[in-house]
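Participant: Here is what each chain is made of, one letter per residue.
Number of protein chains: 2
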Amino acid sequence: MDIEVIQGGHVTSPQGFSAGAVAASIKKREGALDLGLLVSDRPAAASGVFTQNLVRSAPVQVSEKRAQTGKLQGVVVNSGNANAPFDQKGIDDAEVMAALAAKHAGFDAQLMAVASTGVTGVYLPLDKVEAGIPRITLSPDGGPDFAVSIMTTDTKPKSYAVALKNDGETVFTVGGCAKGSGMIHPNMATMLSYITTDANVEPGFLKDLTKQVADATYNMMTVDGDTSCSDTLLVFANGAAGGPLITSGSPLGYKLREALMAVGTELSRMLARDGEGATHLITVDVVNGPTLADTRNVARTVALSSLVKTAVTGNDPNWGRILVAAGRSGSPVEVAKTSVRLQDVLIFDHGKVIEFDDAGVSKLMEADEVRIQIDLGIGTHNATAWGCDLTTDYVHINADYRT
Amino acid sequence: MDIEVIQGGHVTSPQGFSAGAVAASIKKREGALDLGLLVSDRPAAASGVFTQNLVRSAPVQVSEKRAQTGKLQGVVVNSGNANAPFDQKGIDDAEVMAALAAKHAGFDAQLMAVASTGVTGVYLPLDKVEAGIPRITLSPDGGPDFAVSIMTTDTKPKSYAVALKNDGETVFTVGGCAKGSGMIHPNMATMLSYITTDANVEPGFLKDLTKQVADATYNMMTVDGDTSCSDTLLVFANGAAGGPLITSGSPLGYKLREALMAVGTELSRMLARDGEGATHLITVDVVNGPTLADTRNVARTVALSSLVKTAVTGNDPNWGRILVAAGRSGSPVEVAKTSVRLQDVLIFDHGKVIEFDDAGVSKLMEADEVRIQIDLGIGTHNATAWGCDLTTDYVHINADYRT
Chain A
1 MDIEVIQGGH
11 VTSPQGFSAG
21 AVAASIKKRE
31 GALDLGLLVS
41 DRPAAASGVF
51 TQNLVRSAPV
61 QVSEKRAQTG
71 KLQGVVVNSG
81 NANAPFDQKG
91 IDDAEVMAAL
101 AAKHAGFDAQ
111 LMAVASTGVT
121 GVYLPLDKVE
131 AGIPRITLSP
141 DGGPDFAVSI
151 MTTDTKPKSY
161 AVALKNDGET
171 VFTVGGCAKG
181 SGMIHPNMAT
191 MLSYITTDAN
201 VEPGFLKDLT
211 KQVADATYNM
221 MTVDGDTSCS
231 DTLLVFANGA
241 AGGPLITSGS
251 PLGYKLREAL
261 MAVGTELSRM
271 LARDGEGATH
281 LITVDVVNGP
291 TLADTRNVAR
301 TVALSSLVKT
311 AVTGNDPNWG
321 RILVAAGRSG
331 SPVEVAKTSV
341 RLQDVLIFDH
351 GKVIEFDDAG
361 VSKLMEADEV
371 RIQIDLGIGT
381 HNATAWGCDL
391 TTDYVHINAD
401 YRT
Chain B
1 MDIEVIQGGH
11 VTSPQGFSAG
21 AVAASIKKRE
31 GALDLGLLVS
41 DRPAAASGVF
51 TQNLVRSAPV
61 QVSEKRAQTG
71 KLQGVVVNSG
81 NANAPFDQKG
91 IDDAEVMAAL
101 AAKHAGFDAQ
111 LMAVASTGVT
121 GVYLPLDKVE
131 AGIPRITLSP
141 DGGPDFAVSI
151 MTTDTKPKSY
161 AVALKNDGET
171 VFTVGGCAKG
181 SGMIHPNMAT
191 MLSYITTDAN
201 VEPGFLKDLT
211 KQVADATYNM
221 MTVDGDTSCS
231 DTLLVFANGA
241 AGGPLITSGS
251 PLGYKLREAL
261 MAVGTELSRM
271 LARDGEGATH
281 LITVDVVNGP
291 TLADTRNVAR
301 TVALSSLVKT
311 AVTGNDPNWG
321 RILVAAGRSG
331 SPVEVAKTSV
341 RLQDVLIFDH
351 GKVIEFDDAG
361 VSKLMEADEV
371 RIQIDLGIGT
381 HNATAWGCDL
391 TTDYVHINAD
401 YRT
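If you read the sequences in order, they're chains A and B. Taking the numbering used here, the leading residue of the first sequence gets 1, the next gets one more, and so forth. Taking the numbering used here, the leading residue of the second sequence gets 1, the next gets one more, and so forth.
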């Protein structure tokens, strides 16, 4: 049994899921899709991971409570406004939005999650939501439109899907979509991602898998160090593919984990690559670290360093900045045991300055993806973090966001 | 007895200190001062605070050991090269540099601290240091030149001095200088600062004061979240003003603390204001926090937030970003008890969205200094952090640093 990428796959690729979106004028840009709905044709096992920020948007508070039941049937999302005035009216508005969407989809309001992304501190224009929802047409081909409708400063929609195949027959499918692209940082950011599968999954196992996937993928991606009040990952498993219930002991459990990791990894890479103003995807592989937590921490710290990011912007093979960023991570680093590679070229060897082809490595860094590999030499754990370079466009995007 | 600012004061304003600098061609720019020497006319009580980064430059390793004796007589500094190849040769070079400077100044090499700042990963051009040191002319008026010689990407030198006056008579003087301006972050950054005083101070008390000053000033300043391998604060007290030994119980102890805090605060503000590419100094006052550590942590987190920084760049009174940054600090924040002021205007009131003059506050934010005040409403502790906005020039400076 192999996991295969579905060309052009998206969040409604698994059976029993449909989606749709409309332009509801919540975003300033006329005609932009900004209100989307994703539903399953039956209640699904569901699990969520939400922002760690103590300041939480209204939809996060509503959706977290509903996801804790382990059962959801859909999610309604708007972009252009984060519904984050941080008071009771925000929560009331989120509940009304979910109820309207559930009524339109034809199921119980408690099974509808809700999300909003965009500017904070402004009340949701509920009249626009109310006018928009009935116009949404749900379809199994609606995944791409849904992925567009959740975008804010993203330059492109992010969708991905894989299928587990057995002798050419599909066992189950996993699809997903996500939006970034600033305020992205470990412990979730203004990041929304929805993963769907038609696999038949035991809710407790789905919850464990969701946490594992978030820790290894979404929480290893950083754009600017800011985490938002709105971050949400929801995973829906509706069982439409049939088959026996997959639990932690099932033979298919490993395959399901692998498929979810593949979708989470690729969506995370897409998010980092589309970081605000980014011109390079930065992949930081840290190997031979002392613990998994420390190894991940070093990877994330290097991926987040403004000085490493701007070195990548400038195609500068500056191992000093990489080493110094690792050194301030708070995790053990022994210079004499540390080696650094850039685009697979050794540029710092076990604590020693070495001769390398500076101009040649700089040339290699012109690639779309820049790989930094750090061998800590003090353990057996490996981790990967994804980030992006820091360009003048990041500043333009965020200095002029409201104007 | 009052503390008065000395107009045009600098690191050699206190009695018994002299300094000088030369252009030694360590920096690329021809004729730039890049090798400086600061000495006392007698051994001084001395104390240091050094980078918390586990990756430490050679001069930091040498100077920290010497400062631990509580006695130093001078420091030699070069800019343009950080002497950070992270191997034994780096340490040997730092010791040679200190020995050459001590010989030139006429005292024991063990009393000479050493610092280097600039590009990492390249061996120190020791021949240039050796040729330069004998050309340094030491003078009580050498403070300004010394302050220039330690600069890297700083746009201006940073010097400040105050005197404690009693009926018009000077009791003691405290002077200082510093350089930034990227890689600046709590726990010190590519930050070098030297504070001198002619007060007669007991070494143990000086050590306590140095830590207190660093915690309240240098460690509350952030430019880009990166800490360097080279950060150093050294405080010298040579007793040239005479008077009885100042200890923790002395009446003058409080005045000395106040004077050191004044110099540390003003130098920190100058460093933040001159952050790479900065157009605004950002001052974050957090009041009524639950503990001093938490209050400081919230202030620093907000000052470091890329989204807050870019909001300031764009003169955008975006309280949402301020609140969300506070919320991810890891310290307690209760939205319903939190208020936010920008340039003294209330823009978020105890968890409630309020009407305010958005355009008017935006206009006020055009000032050189933007003050963010956050009332946490859950305690009695106050703290201030200093940062700067994030502009496209930061990116240019750091993407093109080596080229």
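Don't take every hint at face value.
What the hints assert, rightly or not - Pairs of lysine-lysine, DSSO-like flavour, derived with a Cα cap of 30 angstroms:
1. Lys-89(A) to Lys-128(A)
2. Lys-89(B) to Lys-128(A)
3. Lys-89(A) to Lys-128(B)
4. Lys-28(B) to Lys-352(A)
5. Lys-363(B) to Lys-28(A)
6. Lys-156(A) to Lys-28(A)
7. Lys-337(B) to Lys-352(A)
8. Lys-337(B) to Lys-65(A)
9. Lys-352(A) to Lys-65(B)
10. Lys-28(B) to Lys-28(A)
11. Lys-65(A) to Lys-352(B)
12. Lys-363(B) to Lys-352(A)
13. Lys-363(A) to Lys-28(B)
14. Lys-89(A) to Lys-28(B)
15. Lys-337(A) to Lys-89(B)
16. Lys-363(B) to Lys-337(A)
In short, the hints are calculated from the structure, not lab data.
Participant: Would you mind marking each hint as holding or not holding in the structure?
Facilitator: Hint check results:
1. Lys-89(A) to Lys-128(A): This hinted pair holds, its Cα atoms lying about 16 angstroms apart.
2. Lys-89(B) to Lys-128(A): Given pair Lys-89(B), Lys-128(A) is violated - Cα atoms ~68 angstroms apart, limit 30 angstroms.
3. Lys-89(A) to Lys-128(B): 68 angstroms, violated
4. Lys-28(B) to Lys-352(A): OK: Lys-28(B) and Lys-352(A) at ~25 angstroms, within 30 angstroms.
5. Lys-363(B) to Lys-28(A): Distance ~24 angstroms between Lys-363(B) and Lys-28(A) Cα, so the pair holds.
6. Lys-156(A) to Lys-28(A): 18 angstroms, holds
7. Lys-337(B) to Lys-352(A): At roughly 53 angstroms apart (the allowed maximum being 30 angstroms), Lys-352(A) and Lys-337(B) break the hint.
8. Lys-337(B) to Lys-65(A): Judged against 30 angstroms, a Cα distance of about 23 angstroms means the pair holds.
9. Lys-352(A) to Lys-65(B): 23 angstroms, holds
10. Lys-28(B) to Lys-28(A): 49 angstroms, violated
11. Lys-65(A) to Lys-352(B): 23 angstroms, holds
12. Lys-363(B) to Lys-352(A): 52 angstroms, violated
13. Lys-363(A) to Lys-28(B): 24 angstroms, holds
14. Lys-89(A) to Lys-28(B): 60 angstroms, violated
15. Lys-337(A) to Lys-89(B): Holds, because 17 angstroms separates the two Cα atoms, which is no more than 30 angstroms.
16. Lys-363(B) to Lys-337(A): 53 angstroms, violated
Checked against the numbered hints given earlier, the structure breaks hints 2, 3, 7, 10, 12, 14, 16 and satisfies all the rest.
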